[in-house]
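Make the full structure from the sequences, and use the hints.
Protein chains in written order, with the working numbering: chain A, 1 to 153; chain B, 154 to 508.
Read the hints as simulated data drawn from the structure, not as lab findings. On a predicted model such as this, the values are computed, not experimentally measured, just so you know. The C-beta atom is built at its ideal place from N, Cα and C for all residues, glycine as well. Just to be clear, a hint being listed does not mean it is correct.
[As the list claims (entries may be wrong)] Okay, the calculated beta carbon distance ranges per label pair:
{"id": "1", "chain 1": "B", "residue 1": "Glu247", "chain 2": "A", "residue 2": "Gly56", "range": "18 to 28 Å"}
{"id": "2", "chain 1": "A", "residue 1": "Leu26", "chain 2": "B", "residue 2": "Lys342", "range": "18 to 28 Å"}
{"id": "3", "chain 1": "A", "residue 1": "Pro55", "chain 2": "B", "residue 2": "Leu411", "range": "58 to 68 Å"}
{"id": "4", "chain 1": "A", "residue 1": "Glu25", "chain 2": "B", "residue 2": "Lys221", "range": "37 to 47 Å"}
{"id": "5", "chain 1": "B", "residue 1": "Met434", "chain 2": "A", "residue 2": "Pro55", "range": "53 to 63 Å"}
{"id": "6", "chain 1": "B", "residue 1": "Lys412", "chain 2": "A", "residue 2": "Glu25", "range": "41 to 51 Å"}
{"id": "7", "chain 1": "B", "residue 1": "Asp157", "chain 2": "A", "residue 2": "Gly57", "range": "47 to 57 Å"}
{"id": "8", "chain 1": "A", "residue 1": "Gly56", "chain 2": "B", "residue 2": "Glu211", "range": "52 to 62 Å"}
{"id": "9", "chain 1": "A", "residue 1": "Gly56", "chain 2": "B", "residue 2": "Asp253", "range": "42 to 52 Å"}
{"id": "10", "chain 1": "A", "residue 1": "Ala138", "chain 2": "B", "residue 2": "Leu484", "range": "54 to 64 Å"}
{"id": "11", "chain 1": "A", "residue 1": "Gly56", "chain 2": "B", "residue 2": "Asn250", "range": "23 to 33 Å"}
[Stated by the list, open to error] Over 10 Å on every C-beta distance to chain B, these chain A residues come out as not near it, computed from the model:
{"id": "12", "residue": "Cys6"}
{"id": "13", "residue": "Cys32"}
{"id": "14", "residue": "Tyr36"}
{"id": "15", "residue": "Asn72"}
{"id": "16", "residue": "Asp87"}
{"id": "17", "residue": "Asp99"}
{"id": "18", "residue": "Pro107"}
{"id": "19", "residue": "Glu134"}
{"id": "20", "residue": "Glu137"}
{"id": "21", "residue": "Ala140"}
{"id": "22", "residue": "Asp144"}
{"id": "23", "residue": "Ile146"}
{"id": "24", "residue": "Arg148"}
{"id": "25", "residue": "Glu150"}
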Amino acid sequence: MKCQRCSKPATLHITEVLPHDKFDELHLCEECAKKYLYASAGKKAGKGGGEMDDPGGKVCEACGLKFVEFRNSGRLGCPHDYDSFRDELVPLLESIHGDAKHAGKGPRRGPKGKADQHELAHARRQLQKAITDEDYEAAAKLRDKIKRLEDQG
Amino acid sequence: MNLDSLLQNLGEWLRGTGAESDVVVSTRIRLARNLADVPFTTRASPAQKGEIEGRVREAIARADHTPKLDYLSVAGLPPLDRLFLVERQLISRELANALDGPRGVAFDPRESVSVMVNEEDHLRIQVMRSGLALDEAWDTIDKVDDALEARLSYAYHERFGYLTACPTNVGTGLRASVMLHLPALGITKEIEKLFRSLQKINLVVRGLYGEGSRASGDLYQISNQVTLGKDEHTLLVEIREVIDVALKYERRARQALLKERRQAEQDRVARAIGTLGSATMITSEETMELLSAVRLGIHLNLIGDLPPTTVNQLFIHSQAAHLQKLTGQVLDGEERNAARAKYLRNRLRDLGANK
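And the structure:
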């Protein structure tokens, strides 16, 4: 079976439950299905919110990804995007998962305290930036600092 | 690594053993993980991908308490070998063909644990089990994850959990998939009803290999959609509950078939074996359909002689890349259909199943 929106094979078969016991069936490839799910998630998340301040122009300082790029591709650029676009991602995560707070296992290594975790995330962001800027002296120092923080756990 | 040496093995997921194996073919759990200080794969430069590959390879080589995993670079493999790995469910189609740059997979000789490197996420850890074995698969993957985490700094967020390139995987990064053989529900047309009830509770159903037609050999994969907000144990319990319902429906439908149309089913199974043993051209889709009838026939005791593992072997060997490796020839579509028919004829004759 082919995807209803492009020529790739349909791999996801979505049944939308409509009012009055009606169903709508969609057969899509992985990519189109993701776009479709985002679009419908966006619709739900957008309810009540004004479209005045479009976040599409926001940029992650660590990897340079624009929010609009994420909206088009459905893929984030780096781990820091979750902080850079936090305000936009929380409603999206809530509509995908029904929740936006992790429950489950976590790494055993690494700092346990909130302040140290924050410092570690900050150092990693700085490191990524230093490498992009080709500031290798700063990068070496940051690497040492990160190693020290990581080995605490 | 010589991939051809895998050819005669069935791989963990096709061993045909384990709990509920009359309906459940296999259980698979995967965890998505990323390194903390590098961009996700799609945004990483070739040099960064090389660095990621190097770091993960080293962690895999030194990891304690995990099966020994051998690493294979997919970037350097010929297309036939890539497809071979896809058919064995060791890598995704994306890793095989859609992605570029340094990437690969590490797996153990039993093909029960694999780690894809530089797929959509830096690491995609996967554990396979034959039959229904969610708890066992979780125990294993949890240990492999811990062993790798001891040597790698994962991207982890106190609020969002394990961070992934796509927000649909964030949190636990866990996707559990159970592959079911549901031929009787297909015959009684109750399958649609089952899917609808599943979709209402956020579970996804798809065909084998995520491929084309949804009824490919009556094989379906049921997996969780939610990865954030529930812990791993809860996610597995929720899947397990649904699998139990599917099992119950399928078994009930099988008993009804036996009661109401035993003769017709016996005839259908015998014809399936007849066609498999005498066709001179056969597509992979038709093979899958016929093997589905044979598999059902075995579990309903409508035929003797054939062990379920034989069906699994015929199933994997009749796939495009396996067939070409078995015959040692590059074959186009038509030639493949002829080679597939020849292979099936010979195998069934050897088994004496077509008397």
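Taking the hints in turn, this is what the structure says about them:
{"no.": "1", "hint": "B/Glu247 <-> A/Gly56: 18 to 28 Å", "in the structure": "holds, 27 Å"}
{"no.": "2", "hint": "A/Leu26 <-> B/Lys342: 18 to 28 Å", "in the structure": "holds, 20 Å"}
{"no.": "3", "hint": "A/Pro55 <-> B/Leu411: 58 to 68 Å", "in the structure": "holds, 60 Å"}
{"no.": "4", "hint": "A/Glu25 <-> B/Lys221: 37 to 47 Å", "in the structure": "holds, 46 Å"}
{"no.": "5", "hint": "B/Met434 <-> A/Pro55: 53 to 63 Å", "in the structure": "holds, 57 Å"}
{"no.": "6", "hint": "B/Lys412 <-> A/Glu25: 41 to 51 Å", "in the structure": "violated, 32 Å"}
{"no.": "7", "hint": "B/Asp157 <-> A/Gly57: 47 to 57 Å", "in the structure": "holds, 53 Å"}
{"no.": "8", "hint": "A/Gly56 <-> B/Glu211: 52 to 62 Å", "in the structure": "violated, 39 Å"}
{"no.": "9", "hint": "A/Gly56 <-> B/Asp253: 42 to 52 Å", "in the structure": "violated, 28 Å"}
{"no.": "10", "hint": "A/Ala138 <-> B/Leu484: 54 to 64 Å", "in the structure": "holds, 57 Å"}
{"no.": "11", "hint": "A/Gly56 <-> B/Asn250: 23 to 33 Å", "in the structure": "holds, 31 Å"}
{"no.": "12", "hint": "Cys6", "in the structure": "holds, 14 Å"}
{"no.": "13", "hint": "Cys32", "in the structure": "holds, 13 Å"}
{"no.": "14", "hint": "Tyr36", "in the structure": "holds, 12 Å"}
{"no.": "15", "hint": "Asn72", "in the structure": "holds, 12 Å"}
{"no.": "16", "hint": "Asp87", "in the structure": "holds, 13 Å"}
{"no.": "17", "hint": "Asp99", "in the structure": "violated, 3 Å"}
{"no.": "18", "hint": "Pro107", "in the structure": "violated, 5 Å"}
{"no.": "19", "hint": "Glu134", "in the structure": "holds, 13 Å"}
{"no.": "20", "hint": "Glu137", "in the structure": "holds, 17 Å"}
{"no.": "21", "hint": "Ala140", "in the structure": "holds, 13 Å"}
{"no.": "22", "hint": "Asp144", "in the structure": "holds, 13 Å"}
{"no.": "23", "hint": "Ile146", "in the structure": "violated, 7 Å"}
{"no.": "24", "hint": "Arg148", "in the structure": "holds, 12 Å"}
{"no.": "25", "hint": "Glu150", "in the structure": "violated, 6 Å"}
In summary, the numbered hints that this structure violates are 6, 8, 9, 17, 18, 23, 25.
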